[in-house]
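The chain contents come next:
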Amino acid sequence: MTAPATPADYKSALKPIWCPGCGDYGVVQALYRALRAVGRPPHEIAFISGIGCSSRIPGYTTAYGFNTVHGRALPIAQGVKLANPDLLVIVAGGDGDGFSIGGGHVAHAIRRNVDLTYLVMDNQVYGLTKGQLSPTSPRGLKTVTSPLGSLEAPINPLLTVLAYGAGFVAQATPADMPGMTALIEEAIRYPGFSFVNIQSPCITFGEEEQQLKAHKARMKPLASLGHDPSNQLAALDLARGYGAELHTGVLYRNPHPPPSYDALVRERQAELQRGEPRPRARVLHDCLGA
Amino acid sequence: MIDDLVVGLAGSGGDGVVSAGESLLAAASSQGFYALMTKSFGSQIRGGESSCRVRLSTRKVLNPGGLLDVAVALNWEDFRRFGAELPIGPDTVLIYEARAGPPPADLAPSTRMPAQVICVPLADLAKSSAGTDRAKVTVVLGVLAGWFGLPEEALDGGLRKKFARKGEGLLESNRKALASGIAFATLHPLAAPRALARPAAPGRKMLCDGNEMCAAAAIFSGCEFFGGYPITPSTEVMQILSRELPRYGGVVLQAEDEISGVGAAVGASFAGKKSMTATSGPGMSLKTEVLGLASIAELPLVLLDVQRGGPSTGIPTKPEQADLFQAAFSAHGDVLRPVLAPTSVEDTFPITVEAFNLAEHYQTPVVILSDQEIAQRKETVDPIDVSRLVVLERVRPTPEQLAQGYQRFAETPSGVSPLSHPGMLGGNYLAAGIEHDATGAPTASGAVHAAMNAKRFRKLAPLQERADLFERKGPPDAPLALVSWGSSAGVAREAYARARARGLAVKLLVPTLLYPVAEPVYRAFLASVRAGLVLELSHQGQLYRLLRMFVDLPPGVSSFARSGAQPFRADEVLERLERQAEAIR
Amino acid sequence: MTPVTGIDFERISMCDALDLAVLIEEEARDRYRELAEQLATHDTPEVADFFARMVRIEEHHRTELLERRQTLFGSAPSRVDRSHLFDVEAPEYERARAFMGVRQALETVLAAEVKAHLFFSEALPRVKDPQSKALFEELREEEVQHQAMVKAELARCPDRADDSEAYADDPVAQ
Numbered sequence: 218m219t220a221p222a223t224p225a226d227y228k229s230a231l232k233p234i235w236c237p238g239c240g241d242y243g244v245v246q247a248l249y250r251a252l253r254a255v256g257r258p259p260h261e262i263a264f265i266s267g268i269g270c271s272s273r274i275p276g277y278t279t280a281y282g283f284n285t286v287h288g289r290a291l292p293i294a295q296g297v298k299l300a301n302p303d304l305l306v307i308v309a310g311g312d313g314d315g316f317s318i319g320g321g322h323v324a325h326a327i328r329r330n331v332d333l334t335y336l337v338m339d340n341q342v343y344g345l346t347k348g349q350l351s352p353t354s355p356r357g358l359k360t361v362t363s364p365l366g367s368l369e370a371p372i373n374p375l376l377t378v379l380a381y382g383a384g385f386v387a388q389a390t391p392a393d394m395p396g397m398t399a400l401i402e403e404a405i406r407y408p409g410f411s412f413v414n415i416q417s418p419c420i421t422f423g424e425e426e427q428q429l430k431a432h433k434a435r436m437k438p439l440a441s442l443g444h445d446p447s448n449q450l451a452a453l454d455l456a457r458g459y460g461a462e463l464h465t466g467v468l469y470r471n472p473h474p475p476p477s478y479d480a481l482v483r484e485r486q487a488e489l490q491r492g493e494p495r496p497r498a499r500v501l502h503d504c505l506g507a
Numbered sequence: 107m108i109d110d111l112v113v114g115l116a117g118s119g120g121d122g123v124v125s126a127g128e129s130l131l132a133a134a135s136s137q138g139f140y141a142l143m144t145k146s147f148g149s150q151i152r153g154g155e156s157s158c159r160v161r162l163s164t165r166k167v168l169n170p171g172g173l174l175d176v177a178v179a180l181n182w183e184d185f186r187r188f189g190a191e192l193p194i195g196p197d198t199v200l201i202y203e204a205r206a207g208p209p210p211a212d213l214a215p216s217t218r219m220p221a222q223v224i225c226v227p228l229a230d231l232a233k234s235s236a237g238t239d240r241a242k243v244t245v246v247l248g249v250l251a252g253w254f255g256l257p258e259e260a261l262d263g264g265l266r267k268k269f270a271r272k273g274e275g276l277l278e279s280n281r282k283a284l285a286s287g288i289a290f291a292t293l294h295p296l297a298a299p300r301a302l303a304r305p306a307a308p309g310r311k312m313l314c315d316g317n318e319m320c321a322a323a324a325i326f327s328g329c330e331f332f333g334g335y336p337i338t339p340s341t342e343v344m345q346i347l348s349r350e351l352p353r354y355g356g357v358v359l360q361a362e363d364e365i366s367g368v369g370a371a372v373g374a375s376f377a378g379k380k381s382m383t384a385t386s387g388p389g390m391s392l393k394t395e396v397l398g399l400a401s402i403a404e405l406p407l408v409l410l411d412v413q414r415g416g417p418s419t420g421i422p423t424k425p426e427q428a429d430l431f432q433a434a435f436s437a438h439g440d441v442l443r444p445v446l447a448p449t450s451v452e453d454t455f456p457i458t459v460e461a462f463n464l465a466e467h468y469q470t471p472v473v474i475l476s477d478q479e480i481a482q483r484k485e486t487v488d489p490i491d492v493s494r495l496v497v498l499e500r501v502r503p504t505p506e507q508l509a510q511g512y513q514r515f516a517e518t519p520s521g522v523s524p525l526s527h528p529g530m531l532g533g534n535y536l537a538a539g540i541e542h543d544a545t546g547a548p549t550a551s552g553a554v555h556a557a558m559n560a561k562r563f564r565k566l567a568p569l570q571e572r573a574d575l576f577e578r579k580g581p582p583d584a585p586l587a588l589v590s591w592g593s594s595a596g597v598a599r600e601a602y603a604r605a606r607a608r609g610l611a612v613k614l615l616v617p618t619l620l621y622p623v624a625e626p627v628y629r630a631f632l633a634s635v636r637a638g639l640v641l642e643l644s645h646q647g648q649l650y651r652l653l654r655m656f657v658d659l660p661p662g663v664s665s666f667a668r669s670g671a672q673p674f675r676a677d678e679v680l681e682r683l684e685r686q687a688e689a690i691r
Numbered sequence: 623m624t625p626v627t628g629i630d631f632e633r634i635s636m637c638d639a640l641d642l643a644v645l646i647e648e649e650a651r652d653r654y655r656e657l658a659e660q661l662a663t664h665d666t667p668e669v670a671d672f673f674a675r676m677v678r679i680e681e682h683h684r685t686e687l688l689e690r691r692q693t694l695f696g697s698a699p700s701r702v703d704r705s706h707l708f709d710v711e712a713p714e715y716e717r718a719r720a721f722m723g724v725r726q727a728l729e730t731v732l733a734a735e736v737k738a739h740l741f742f743s744e745a746l747p748r749v750k751d752p753q754s755k756a757l758f759e760e761l762r763e764e765e766v767q768h769q770a771m772v773k774a775e776l777a778r779c780p781d782r783a784d785d786s787e788a789y790a791d792d793p794v795a796q
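Residue numbers (this note's numbering), protein chains in the order written: chain A, 218 to 507; chain B, 107 to 691; chain C, 623 to 796.
Same shape as in the complex, but just chain A:
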């Protein structure tokens, strides 16, 4: 099987329904390119998402897509990967999907270290339901559900994910398409759980200072700051700036990635089976002592 020749081979016939001007248009383009660079054919890719504007993304690719239910993309994706570790499994969703309704799953996906790439399109607002407060909305934000300004502090996705122990943590913005493409590619290639927080603005309900034009002015590529991505403590320190600063690039990459959970599971299966598939009828003996 030869890999598709162009990024267009990863683009499906389905036309995106994102609002024109949405940051997610850039994300999907970057993803096509990153997938092309990685070179796995679309049928060997499973692309799992939750619910939200950004969770529509699997349908715009030619991969096997699964647009699931709100907040559950990570558990479903782990099932996919463990059932068939040969697949390249990518997970995508918004900040609400990943850090609010599905927030409980992030820690466990990370501690298990299943080899997934998790792309969160973080826009600090609920777009699909028209502009409510999201878990990453800044304190004070006025929305239809916080008309006098939010009293809550936002969750910090970068700090959270680093603290959970993720081996690869990056932040990107569609304001830097080449940079985002490279980061997604690197995340996919990382052998273990990888996370990219993509600051992908909502053109319809997002704040003016969160739009890509503003990103271009304020983004700080980590490479230009001399950050060493193998330094976890430095990464944590940088992550604290989430919301105030727009750092782009790799915050942390474990220089010695431990084996992924799926790899360990496969190894153990091989040991137990010793190459011989066990006849199913043996179960009467194994389980029931017949």
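Keep in mind the hints are simulated off the structure, nothing from the lab.
Heads up, a few of these hints could be off.
List of simulated lysine-lysine pairs, DSS-like, C-alpha gap at most 30 Å [as the list claims (entries may be wrong)]: (1) K268(B) to K282(B); (2) K737(C) to K228(A); (3) K268(B) to K311(B); (4) K433(A) to K737(C); (5) K359(A) to K430(A); (6) K773(C) to K430(A); (7) K773(C) to K433(A); (8) K232(A) to K737(C); (9) K561(B) to K232(A); (10) K233(B) to K282(B); (11) K737(C) to K430(A); (12) K737(C) to K437(A).
To spell it out: a stretch of chain A is covered by chain B in this simulated footprint if at least three of its residues, at any positions, have a beta carbon under 8 Å from a beta carbon of chain B; those stretches are [claimed, not checked]: (13) 279 to 287; (14) 299 to 307; (15) 318 to 325; (16) 490 to 497.
Label-pair distances were calculated between CB atoms; the ranges are [stated by the list, open to error]: (17) D226(A) to S697(C): 17 to 27 Å; (18) C779(C) to V255(A): 38 to 48 Å; (19) L365(A) to Q570(B): 55 to 65 Å; (20) D226(A) to E775(C): 30 to 40 Å; (21) P793(C) to H473(A): 46 to 56 Å.
Heads up, the beta-carbon is just placed ideally off N, CA and C, and yes, glycines get one too.
Fit chains B and C to the supplied structure of chain A, relying on the hints for placement.
Leaving out everything else, chains B and C in the frame of chain A:
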């Protein structure tokens, strides 16, 4: 000679009555008896009250039995806590630990007070024989062996299993305790001797519980993925699969929560593997949304719900049959999700295989509705003839279909569309919880939605004709009917047999397919029926109400239902049936 | 954040420079096509048509450059591919809006031409090869011409702020 014996024991957790029951069960099964044991506990993990009942018979055991033949009370307080599980009557032989003092006057109504009440110095005998009064349950075993003619060597096997690992000295002292119990029985024979008849076919019988059976059947069916979360009383399924499934090339994921467990299983199914999750009522509630996803994405999935007392935490350690509505209806939108229910440990195997077959063939989630009794009772089962079981695989697209513009949700006459999975070249598609067209593309079209709903219902229409998933017995023209499901069906079977023996024109219907309601099967069965009972362990009588929703139940058919944790007895069912027969005479 | 990576301008050959130029036009063409589709999907047909016209213009530029490349270098294999560039002359996603007017569309094109001009201006000081230098100068000059054309069109366009939002229905919750 007797051919059926029901023994009940109650004490505090430290007494080891459950271990004693297990030894008795092991002894009986090793001799070729049919046997069944249920356990019942209080709500503490350690140091609470515990009880068990063991039924031994030369014939197949259908249920835990009604009134006890022998009741053993190590102390009265604990014994009385199990009034519903350990009912006594005038014919019960009640033995009690001498140190507990004589039975309280209000132990049972005078009409139900046992005639034979025997004080046994269990602790003293244990102390003098084994050197510790802790061995008193072993003395009990000796007494029972002596009275009912169980060979000492059979009970010795049980002792060896329990104590050998803990040291030869402990085993030896328990052997002495056993002998002292036997000696006591010899010195104090029962008023009327009740030795058990020998089983027709001696030789060891297989012993297992419903959860073991379900796990074994899942592996036999080709299950390759299990995702779940610990919840009583289904957890043993995950534990067994954790041990066994990897040897068969499968994976078990203990997830971070119930939702995640079912989510991972749906993911694995999407990836092309047969997959399963298991839970009990509260977990089922949490899994509901993801079940809806599997329904609309048309992905095979087997979910085991081992029912316990509910709602909410309810009574985790006791059976109830009150999750039927939840299994059938917990969904938003129009959903048809098959629900199957085993009725014994033994039929848990074929029912589980059937669940996988339905799930794979019809690309749907299927619920197995077991209950705490079936799941955790240990019983002897006849050898399973797996050659009679068919294992189905999902319909996958052919290479030709994959080469010619494969459409995942293509309309077909049966409503079943070939299902590809990641890794299959040319099968790429978008699975989604959002409504979709034949290609999988999202749509908000009412017309497409209607067509897809119709397709998802049409594919399950053949279930209406699955009379083979119903046990039907009795004269076809009988005017009296007994309908029951799940663990209550075991009681119904015995009540039915006894009613027939008394000449009642009654017939029995035990559905293992609960939902969809197979209307033609019920119509045919009910054609001759004027009165009857629907027997089940729930306050509402959920099967009865479900049937009324779909079937014209004759007005004389009524619900015989009560809340869980109070299993039915065959005699009370028989009594009701006789009254019903009287009413239509 | 440079739009072109993996190409050493100090050593760029005429063939590579032409190949790059072809791809820059191709990228712009593809992006205009994408924006045209977006706006057609989002009920903004006038601008969808306008961007479709831009697709034809960029395709014309691409074909001209490709012909020059073929005349000079035949079918010699190209060492430049699309992975080397991102957003050189492509109009930016962020400028698209449902119900946008032609004026805003023209401004989008103008921004893209300005961006392309900036790219050539920044690259030129590094280019050593005289032929390539001449080509880049020519292309940079073209961007100036294009800008002038767009500005002329803008001047003909009523100078109106984007009032599309004032008339449009509220977004629809999903």
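Is the straight-line distance between the alpha-carbon of K433(A) and that of K737(C) 30 Å or less? holds (14 Å)
Given the hint that K773(C) pairs with K430(A), does the C-alpha gap stay at or below 30 Å? Given pair K773(C), K430(A) holds - Cα atoms ~22 Å apart, limit 30 Å.
Run the distance test for K268(B) versus K311(B): straight-line Cα separation, threshold 30 Å. At roughly 19 Å apart (the allowed maximum being 30 Å), K311(B) and K268(B) satisfy the hint.
Next pair to validate is K773(C) with K433(A); report whether the Cα-Cα distance is within 30 Å. holds (25 Å)
Can you tell me if the stretch 490 to 497 of chain A counts as covered by chain B, using C-beta to C-beta distances under 8 Å and a minimum of three residues? Since three or more residues must qualify, the claim that chain B covers the stretch 490 to 497 of chain A holds, with 4 doing so at under 8 Å.
30 Å Cα cutoff - pair K233(B), K282(B): holds (10 Å)
Do the alpha carbons of K737(C) and K437(A) lie within 30 Å of each other, as the hint requires? holds (20 Å)
Hinted pair K232(A) and K737(C), Cα distance within 30 Å: Roughly 27 Å between the alpha carbons, so the hint for K232(A) and K737(C) holds.
For a C-alpha distance cap of 30 Å, please report whether K268(B) and K282(B) respect it. holds (15 Å)
Within a Cα-Cα threshold of 30 Å, do K737(C) and K228(A) meet the stated pairing? holds (26 Å)
Are 3 or more residues of the stretch 279 to 287 of chain A near chain B, judged by a Cβ distance of less than 8 Å? holds (count 8)
Honestly, do L365(A) and Q570(B) meet the 55 to 65 Å range at C-beta? holds (58 Å)
Of the numbered hints listed earlier, not one is contradicted by the structure.
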